[in-house]
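Protein chains in written order, with the working numbering: chain A, 7 to 270; chain B, 114 to 893.
Because the hints were derived from the structure by calculation, they are not lab data. Ideal Cβ placement from N, Cα and C applies to all residues, glycine included. This list has only true hints and no planted wrong ones.
Here are the simulated EDC-like cross-link-like pairs (lysine to aspartate or glutamate), alpha carbons at most 20 Å apart as the crow flies:
no.: 1; chain 1: A; residue 1: K45; chain 2: B; residue 2: D139
no.: 2; chain 1: B; residue 1: K882; chain 2: A; residue 2: E245
no.: 3; chain 1: B; residue 1: K675; chain 2: B; residue 2: E688
no.: 4; chain 1: A; residue 1: K45; chain 2: B; residue 2: E230
Residues of chain A clear of chain B, computed beta-carbon distances all greater than 12 Å:
no.: 5; residue: R14
no.: 6; residue: E62
no.: 7; residue: A85
no.: 8; residue: H140
no.: 9; residue: S143
no.: 10; residue: D175
no.: 11; residue: S213
no.: 12; residue: Q222
no.: 13; residue: V226
no.: 14; residue: G242
no.: 15; residue: G270
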Amino acid sequence: MYEFNYRRASSVSDAVASSGQSDDASYLAGGMTLIPVLKFRLASPSDIIDLAGLGELKGIRTENGAVVVGAMTTHAEVAGSSEVRQPIPALADLAESIGDPQVRNRGTIGGSIANADPAADYPAAVVGLGATVHTNSRTIGADDFFTDMFETALEPGELVTAVSFPVPDRAAYMKFPNPASRYAIVGVMVSQSGEEVRVAVTGAGGSVFRVPEMEQALAVNFAPEAVAGISVSADGLNEDIHASPEYRAHLVTVMARRAVAAAG
Amino acid sequence: MDTGIGAAVTRKEDFRFLTGQGNYTDDIARPGQAHAVFVRSVVAHANLRSVDTEAASAMPGVVAVFTGDDLEGVGGVPCGFAPDGGPMNEPPRPVLAQGKVRFVGDMVAMVIAETLEQARDAAEAVDVDYNEIPAVVSMEAAQAEGAPTLHDLDDNSCFSWGIGDAEATDAAFARADHVTTLELVNNRKCPNAIEPRAAIGEYDSAHDSYTLYTTSQNPHVIRLLMGAFVLGIPEHKLRVVSPDVGGGFGSKIPHYPEEIAVTWAGKQVGRPVKWTAERTESFLSDTHGRDHITRVELACTSDGEFLGLRVHTQANMGAYLSTFGPLIPTYLYGTLLAGLYTTPAIRCDVVGVFTNTAPVDAERGAGRPEATFLLERVVETAARELGIDPVELRRRNFIPADALPYQTPVIVQYDSGNYEGVLDRAAEAADYAGFARRREEARSRGRLRGIGFAGYIEACGMAPSNIAGIIGARAGLFEAAQVRVHPTGSVSVYTGSHSHGQGHETTFAQIVSDRLGIPFENVDVVHGDTDQIPFGMGTYGSRSLAVGGSAICKALDKIIAKGKKIAAHALEAGESDIDFESGEFRVRGTDKSVGFGDIALSAYVPHNYPLEELEPGLDEGAFYDPANFTFPAGCHICEVEVDPETGTTQIVNWNAVDDFGKIVNPMIVDGQVHGGIAHGVGQAMLENCAYDEESGQLLSGSLTDYCIPRADDLPSFHIETTETPCPHNPLGVKGCGEAGAIAAPAALINAITDAIGVAHVDMPATPEKVWAALQSAQGE
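Just chain A, same shape as in the assembly (with noise of 0.2 Å):
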């Protein structure tokens, strides 16, 4: 890796400031895709600003009917955690199905939204789960926070402190792993929260997205068969040597349908 400074942040405030005054500076949550990044000399911030000490931004509450997941809270924690596993069982089913029990272990929810990985898992919950994300300076609604691959509404400098999930009536996850990364090639998170039906897809495309057709179908009927003959077009899905744009599109329908049957 290139040179860096390192600064281990004392509270939020201090990491923000810390940003300001850098000329291009990374913040370290858990590291999982920062390090190999470094490693291969991908990047190269001026400084490296590490928010392991910030008890802030670790752990998980309930408030206001909404089960509160502190931004440095570890995929594992989320898994292990009754607050979530007992109101949105899906939300730790997910958290359970990321990478190995070494990212579960530092991966952070908050370092894995801030990223945007296409293929990462939390954007399916945090769009598909209508979450609202924390930040240390306002609140950034789920459908607005993904903007592009690797792309979101975050300004420069802003730090993701925590995401808010509504429990919703029923859920479900169902993801089709890269074989070699466990990344999702695609993952469908439904959920149904009164009137409102949210399908999220994450792995597919260049970035989360909704597929309003199955949400429409499954408002009027939640039930596997109504998604079943409702596909995505291939056009624009990513295309690797895992999978082609087809077979995603195709994956789409089966796994939204299957998530539909697991939320029951």
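With chain A's structure known, arrange chain B on it following the hints.
Coordinates of chain B only, in the frame set by chain A:
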């Protein structure tokens, strides 16, 4: 506790490996060592306009920067095999590129600095001006009319080779009732040893001698190739040490340019020079395996008797010839095409082709998995086409046990085996009779269940040196051993075999313990250092026990023979009256005996000793050159369930019955079979070494894209062994390291195609390929 031959002794080397006390090449820090980083080509095919090292040379900590120009006059990397001695196009492979690069990863420059990070920084500052040439990535592109040529040759062909009687084969096809034809790809693999390659080169000016520490499966072979053919260093001035090595799978057999570069540079800069590959570098520059395109035809009678087999194969050599590259798709391939069957006429033609990809060489099985795959795929397909049960079709064509030894139509002579017995046992273990019921049950759950068979035979224990010479190997293939009995009766064994995961320190100690009747703990096995070991050809082709173990046995025989002479003197008896058993020399028919330890002591403290007739000491060496290959064989049966909606395959049962001859350590054999099956499943289902067809960039250059099998990709295996001893080596052993990798791909693809009812799915049979095959089958 029994620690002799046949005992499942826990591996003595594991303590140091599991407690972090292994001594791998990267663990070695030589005094004053500098660090090397290689600048590798980022394009697949280009002439080099210039390689500007000025800026890099001025960077902090830089000791030296070398390019191909600096190595002019240093020999290129040699090839160790030409089929039948040639003709073969054998273009030079410079250590560092000289004017041209031929694959992504080809070495352009070498940067040496005080620290690794400084070397990396400076490597980025080497300015390479590439004048790109269109790359030929696939064999089809390389052989197209007017294709750009990699080397200064008329085209991209390397060799054209054939085996078997073409006329007899044509005649067999002319009278066949049925011909089954398949077009197959044997996919390219990256071997992916857990320890990346590494090397340290060091020059000692006081003695004008060199030391190379390297991750090699065969240090003496490296000493010979590099010393004699590249750098002109005689053996007594070049030591090659291959310490603990973390896996090889064939990729650490070849002699690599990095080994030459660090050894040469160590003298230039006057300090040890160390290089360790990064994982991506391993993907780019380790030799790859397989990569064949094959058309196979099997001629049969209507009741399934095999009459003839015709095979046409294109084999990818990559950009340069690796040490044994041309051996793999010729003599390690065509000679196994009889398989377990009496097919009387076989013809196989192979062309070797250069492409702008990494060099291809041996990988676990090396030629034999490719042969087994095509044969067992075409046999299974013929069974389906003829409507004959696949077990029954095989049974009708097996070489009967009483026909052994059996001369095949493709040179080799099988020595011993019972192929039908192995299949019968495997079918019983797999409950083949109950398969139809299991298939129905799976269908009720929406799963497509299939079963696939693969019988296999391999030629291991390479090899009789006279045969090796006739077929074109530029080396002998014997093995050497030294058994040194110390004065108090403990033993050091120096073996030319090299353990890089196989457990030789345990297995070989068991042999010595068993033969000499001394405690297992009293035996240490030394390997991997040309200054300590008399000679060695190394470990590959499942040869260590059959050849290396036999050499140890020969040396042990000499020890026992000399011990008898010493004992005869001590016991005042005739030498011919002395028996040796369980560590005791005994005068036959009496209770007079003396222990092995006493004889050892007397050999080194020869107070009462026949000094006129016998030298002191108890230290014997032996070379063993095998009389024939060994022929392990077996049958693997795989059951899968396919999810038709996604194409995902789950392996639900794996039954294997293997005949490895005598077994020294059944626990180690189990581990070798498990690893071999995982290796074969990886090739058949998961591992996809992919290059971009246009640019020649490696698309699977990291573990996030290249899928190595993990525990949850595999079922629990049911494995058994049967035993027909090898008749021509002292232990009766055959070899077990490659069997799983040879059998597994055909068994798995046969099971998947059975499950989904299609003729063929190419490897790796990823979910998308299986799904697409189902889609097209439904469309028909």
